[in-house]
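Trainee: One-letter residues, chain by chain:
2 protein chains.
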Amino acid sequence: MNLIEETMCAIKPLDSEAAKHAGMRLDSLTKPLGSLGNLEEIVQRYAAVRRDPQASFRRGALTVFVADHGVADAGVSAYPKAVTVEMLRNIALGGAAISVLARHFGFDLLVTDVGVETDTSAEVLPAVRYRRIGPGTRNFLEGSAMSPEQARKAIDAGIEAANHAVSRGATLIGIGEMGIANSTAAAAVLAAITGIEPARLAGRGTGIDDAAMRRKVGVIEDALKLHQHSLRDGLGTLASVGGFEIGAMAGVCLAGAAASVPVVADGFIATAAAALADRIRPGLRDYLFFGHCSAEGGHALVLETLWVRPILQLNMRLGEGTGAALAMNLIQSALALFHQMATFSGAGVSGPIK
Amino acid sequence: MNLIEETMCAIKPLDSEAAKHAGMRLDSLTKPLGSLGNLEEIVQRYAAVRRDPQASFRRGALTVFVADHGVADAGVSAYPKAVTVEMLRNIALGGAAISVLARHFGFDLLVTDVGVETDTSAEVLPAVRYRRIGPGTRNFLEGSAMSPEQARKAIDAGIEAANHAVSRGATLIGIGEMGIANSTAAAAVLAAITGIEPARLAGRGTGIDDAAMRRKVGVIEDALKLHQHSLRDGLGTLASVGGFEIGAMAGVCLAGAAASVPVVADGFIATAAAALADRIRPGLRDYLFFGHCSAEGGHALVLETLWVRPILQLNMRLGEGTGAALAMNLIQSALALFHQMATFSGAGVSGPIK
Chain B
259 MNLIEETMCA IKPLDSEAAK HAGMRLDSLT KPLGSLGNLE EIVQRYAAVR
309 RDPQASFRRG ALTVFVADHG VADAGVSAYP KAVTVEMLRN IALGGAAISV
359 LARHFGFDLL VTDVGVETDT SAEVLPAVRY RRIGPGTRNF LEGSAMSPEQ
409 ARKAIDAGIE AANHAVSRGA TLIGIGEMGI ANSTAAAAVL AAITGIEPAR
459 LAGRGTGIDD AAMRRKVGVI EDALKLHQHS LRDGLGTLAS VGGFEIGAMA
509 GVCLAGAAAS VPVVADGFIA TAAAALADRI RPGLRDYLFF GHCSAEGGHA
559 LVLETLWVRP ILQLNMRLGE GTGAALAMNL IQSALALFHQ MATFSGAGVS
609 GPIK
Chain G
259 MNLIEETMCA IKPLDSEAAK HAGMRLDSLT KPLGSLGNLE EIVQRYAAVR
309 RDPQASFRRG ALTVFVADHG VADAGVSAYP KAVTVEMLRN IALGGAAISV
359 LARHFGFDLL VTDVGVETDT SAEVLPAVRY RRIGPGTRNF LEGSAMSPEQ
409 ARKAIDAGIE AANHAVSRGA TLIGIGEMGI ANSTAAAAVL AAITGIEPAR
459 LAGRGTGIDD AAMRRKVGVI EDALKLHQHS LRDGLGTLAS VGGFEIGAMA
509 GVCLAGAAAS VPVVADGFIA TAAAALADRI RPGLRDYLFF GHCSAEGGHA
559 LVLETLWVRP ILQLNMRLGE GTGAALAMNL IQSALALFHQ MATFSGAGVS
609 GPIK
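Going down the list, the sequences are from chains B and G.
Using the numbering used here, the first residue of the first sequence is number 259, and each one after it goes up by one.
Using the numbering used here, the first residue of the second sequence is number 259, and each one after it goes up by one.
The hints are simulated quantities; they were obtained by calculation from the structure and are not laboratory data.
Please note: incorrect hints may appear among the correct ones.
Identical chains blur together in the list; that is why a pair holds if it fits in one copy or across any two.
EDC-like cross-link-like pairs, simulated, lysine to aspartate or glutamate; straight-line CA separation at most 16 Å [to be verified]: (1) Lys612 - Asp468; (2) Lys483 - Glu455; (3) Lys483 - Glu407; (4) Lys612 - Asp467; (5) Lys270 - Asp285; (6) Lys612 - Asp366; (7) Lys278 - Asp366; (8) Lys270 - Asp467; (9) Lys270 - Asp544; (10) Lys270 - Asp331; (11) Lys612 - Glu455; (12) Lys612 - Glu375; (13) Lys278 - Asp468; (14) Lys612 - Glu479; (15) Lys483 - Glu381; (16) Lys278 - Asp331; (17) Lys483 - Asp377; (18) Lys483 - Glu562; (19) Lys278 - Asp480.
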């Protein structure tokens with residue numbers, strides 16, 4: 259059995275008893291019934307995934323994967339490809355948005371190079387892990403983005419990162435990414451999985467103009483035609499039109515479920531990974547939180563199609579795991595309320611009038 | 259000149275130059291232009307209110323006001339009136355939701371009794387301030403909820419609490435409340451100010467049934483008729499159908515603007531106070547943040563009518579300042595990004611393709 263199969267076999271069902279017990283405690287706390295709204299659902303889902311009616315929290319970890327994309331050569335991004343490695347350095351040196359949030363919230367930040375064009379492994383970048391599957395994917399207009407073996411390796415890289423985070427005590431893991439042109443790959447993956455037309459999925463990414471936008475939609479349409487016979491399953495979709503970081507984030511989703519650790523998806527590109535994980539292992543989305551609804555392309559439509567509700571709506575479209583980090587902070591606040599609020603009987607507060 | 263007039267005279271215009279400078283720095287940070295979405299607006303509004311292009315943050319304070327309401331006697335709440343004082347004790351002793359969040363986020367918590375039926379000033383309740391304007395308001399179906407002088411005193415109590423918070427270093431202040439039946443008073447205030455019909459404003463509060471709901475709408479309609487000649491200005495509206503804690507929260511809004519400190523409104527009842535402050539001093543809403551859209555009654559409709567956008571939408575309806583606290587935490591995160599992210603030039607990251 260390989261790592262992906264092993265991981266899938268380790269996934270236990272959600273613990274509805276734990277969720278129910280957490281719900282009973284929520285109802286005993288000094289507040290009107292249900293008045294914490296979505297925070298109550300969050301606590302119950304956390305308990306169900308953790309298989310822990312106490313919903314105990316140890317620490318949060320952010321796993322961020324960085325890779326390049328051959329399809330950048332098709333002129334689908336507002337920024338040059340060099341920005342991928344430049345941002346890898348910026349993340350590692352603490353200046354990127356996700357670095358600031360990880361520090362601010364006290365979350366571990368695990369950054370993995372899964373295939374940036376420029377190899378930085380000889381530089382001294384603090385805390386970057388190297389699991390380079392290649393120097394970026396191939397342009398998926400000219401063939402598969404990656405080989406089936408590379409697709410498996412990408413998912414393995416995510417599983418390993420998640421297992422590492424869990425071994426360091428994480429009970430909540432966020433996924434994020436950086437990779438110039440990866441909103442094109444993510445839109446292609448999501449079009450293949452959901453059947454939504456590329457024109458409704460593609461967004462402005464880092465800020466492309468109308469001409470580039472038409473090009474981007476055309477690229478996705480062409481790719482879906484070219485690879486139509488390989489898009490029937492998750493691994494085939496990943497290999498055909500995906501990216502190394504998208505595969506890795508899907509791996510984190512699978513490994514989180516296997517370790518009973520909820521994973522928090524970030525925006526559009528992380529949602530493509532979550533949808534892939536759910537395609538590989540149906541029902542997996544129930545083990546995840548969707549951190550926010552991004553302003554990128556058809557993210558709101560995708561979330562609706564997947565029947566999932568995002569925690570935050572802040573019109574962000576930055577990626578890197580920033581929306582996931584903010585949502586993880588909110589989840590932690592919900593858990594603090596659950597753990598620390600007094601009960602009606604404990605505080606001597608009267609219940610409703612009968 | 260009395261305290262309210264003095265406070266209003268001290269309000270300076272918003273500093274659009276500070277907002278502009280903050281915007282220029284936001285555009286220089288290593289992220290696609292505008293990709294932090296609403297967080298960028300938050301930083302700019304904070305800079306404009308603070309009159310500080312650096313948008314520096316010292317600390318957050320939560321000001322929570324507790325009072326009873328004569329209209330509770332009309333059977334408009336699911337909980338007995340005794341819950342107000344019981345929850346005052348619970349907040350003071352650290353078991354209420356707002357106590358947990360203040361501790362968790364490291365915000366000062368300033369609780370003021372502005373008119374609870376039971377006087378607890380002889381008990382040893384840590385950190386509760388007493389500015390008791392009366393043992394609760396009168397039932398506003400039988401006359402004004404309070405005298406004009408009491409209305410001024412309620413606002414004064416809020417101004418004093420805000421000034422106290424500012425003197426302790428607060429650069430961001432949240433407002434919250436507790437008071438059985440105060441969603442009825444808030445709905446009456448909001449109906450008077452916005453012209454929205456009571457049936458579209460009134461909500462389930464702490465969880466009333468259909469019969470109580472019809473009663474609640476009837477009570478508000480009757481009150482608006484009874485007091486129709488006193489609802490033309492903010493102070494008259496507060497005195498006729500308001501509450502001591504609603505007046506106090508309006509006072510915090512005014513004093514925050516005067517001290518160049520942004521105030522974060524909580525849910526339905528705090529929004530009634532914010533709307534009152536904006537009625538007393540037109541344009542005041544621009545100095546405020548609206549923390550969340552509550553699930554209570556017509557809160558979403560009110561926010562739309564006031565042309566303001568809430569930061570969070572979590573279907574919460576707990577009050578106490580809980581939504582404000584969560585939003586303050588998010589504002590603080592936005593400021594951390596603003597202060598700590600690297601610039602394109604500083605981090606050696608390429609800009610967009612020309």
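Trainee: If a hint holds in the structure, say so; if it does not, say that too.
Mentor: Each hint tested on the structure:
1. Only between protomers do Lys612 and Asp468 lie at most 16 Å apart by alpha-carbon distance; the minimum there is 15 Å, versus 62 Å within a single protomer.
2. For a Cα distance limit of 16 Å, the shortest separation of Lys483 from Glu455 inside one copy, 12 Å, qualifies, whereas the shortest one across copies, 55 Å, does not.
3. Taking the closest pair of Cα atoms, Lys483 and Glu407 never come within 16 Å of each other, the shortest separation being 23 Å inside a single copy and 75 Å across copies.
4. For the homomeric pair Lys612 and Asp467, the shortest alpha-carbon distance between copies (11 Å) is at most 16 Å, but the shortest distance inside one copy (62 Å) is not.
5. In this assembly of identical chains, Lys270 and Asp285 lie within 16 Å of each other by CA distance neither inside one copy nor across copies; the values are 27 Å within and 46 Å between.
6. Taking the shortest Cα distances, Lys612 and Asp366 never come within 16 Å of each other, neither inside one copy (49 Å) nor across copies (36 Å).
7. Taking the shortest Cα distances, Lys278 and Asp366 never come within 16 Å of each other, neither inside one copy (30 Å) nor across copies (34 Å).
8. When the C-alpha separation of Lys270 and Asp467 is checked against a cutoff of 16 Å, the pair qualifies neither within a copy, at 46 Å, nor between copies, at 40 Å.
9. Within a single copy, Lys270 and Asp544 get their C-alpha atoms as close as 12 Å, which meets the 16 Å cut-off; across copies the closest is 51 Å, which misses it.
10. Taking CA atoms no more than 16 Å apart as the test, Lys270 paired with Asp331 passes in neither setting, with 42 Å inside one copy and 52 Å between copies.
11. Taking the shortest alpha-carbon separations for Lys612 and Glu455, neither the intra-copy value of 54 Å nor the inter-copy value of 30 Å comes in at or below 16 Å.
12. Proximity of Lys612 to Glu375 under the C-alpha cut-off of 16 Å is found in neither arrangement, the shortest distances being 68 Å within a copy and 22 Å between copies.
13. In the homo-oligomer, the alpha carbons of Lys278 and Asp468 never lie at most 16 Å apart, since the shortest distance is 50 Å inside one protomer and 27 Å across protomers.
14. For the homomeric pair Lys612 and Glu479, neither the shortest alpha-carbon distance inside one copy (62 Å) nor that between copies (26 Å) is at most 16 Å.
15. Taking the closest pair of Cα atoms, Lys483 and Glu381 never come within 16 Å of each other, the shortest separation being 41 Å inside a single copy and 76 Å across copies.
16. Within a single copy, Lys278 and Asp331 get their C-alpha atoms no closer than 51 Å, and across copies no closer than 36 Å, so neither meets the 16 Å cut-off.
17. Taking CA atoms no more than 16 Å apart as the test, Lys483 paired with Asp377 passes in neither setting, with 33 Å inside one copy and 75 Å between copies.
18. For the homomeric pair Lys483 and Glu562, neither the shortest alpha-carbon distance inside one copy (25 Å) nor that between copies (44 Å) is at most 16 Å.
19. Proximity of Lys278 and Asp480 under a CA criterion of 16 Å is satisfied in neither setting, with 48 Å inside one chain copy and 43 Å between copies.
Hints 3, 5, 6, 7, 8, 10, 11, 12, 13, 14, 15, 16, 17, 18 and 19 from the list above are not met by this structure, while the remaining hints are.
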